[in-house]
Amino acid sequence: MLLLLISSWLAYSFFASQERVQEQITILRLGSAKKFYAGVLCSVFLLTALLALCSILYPIVFDKFDEPATWEHVTVGFVAHLSLAILGIAIAALFNSRLVMKMSYAIGGILAMLAISFSQGKLVDILPPGIQWMTWVLPPAFPTMDMLMNYEEYSVLGRIGVLVLPFPYSTGLLAICWQWMKRKDL
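Per this note's numbering, the sequence shown starts with residue 326, numbered consecutively.
Don't take every hint at face value.
Claimed, not checked - Dumping the calculated PhoX-like pairs for lysine-lysine here, alpha-carbon to alpha-carbon at most 20 Å:
hint	residue 1	residue 2
1	Lys360	Lys507
2	Lys507	Lys359
3	Lys509	Lys360
4	Lys359	Lys509
5	Lys509	Lys427
Source of the hints: derived by calculation from the structure; they are not laboratory data.
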């Protein structure tokens, strides 16, 4: 959960780090806005991938697990952390300063999406059965966290599905973000 929050914060900060004029100068220098935003996304991704690696290596190096970590656990943990970090980046990209001009709205939108994605499991419990399917459009942070906490209860295919789900979801969010930015005169 913490890595999801941190990656969202980092992505929003990277998008908002340059003044509008400086951003335009950088885009002119690079030759296209696509290169600029791809560079921002790559920078945030590399930083959060490093954080995901550290979040996996720290408990291993300092022997914080109850039992020895297997390669399966390390791999699943890293992929889960990386997928949540990418999900956080994609959520923050939807609320970047080019799309949402007012900072309070952007941060509120990011926090609201994160809160809803964390509470997806409880929403399934309280919603009437006829509309529970709507929770599948929410960011898939809860299923990933639930799988990590209840690892043995998931089948191998269930684990793979939960690990893979954030990647196409994040890709979809980034595609939506890109289309909105193109409409706003990227």
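> Going straight from one Cα to the other, do Lys360 and Lys507 come out at no more than 20 Å?
Replying inline: Distance ~14 Å between Lys360 and Lys507 Cα, so the pair holds.
> Does Lys509 pair with Lys360 here, judged by a C-alpha cut-off of 20 Å?
Replying inline: Given that 20 Å is the threshold and the Cα spacing comes to 17 Å, the pair holds.
> For the pair supplied as a hint, Lys507 and Lys359, is the alpha-carbon distance within the 20 Å limit?
Replying inline: Distance of about 10 Å is within 20 Å: holds.
> Would the pair Lys359 and Lys509 pass a check requiring their Cα atoms to be no farther apart than 20 Å?
Replying inline: holds, 14 Å
> Given the proposed pairing of Lys509 with Lys427, does the C-alpha separation stay at or below 20 Å?
Replying inline: holds, 15 Å
Every hint from the earlier list agrees with this structure, and none is contradicted.
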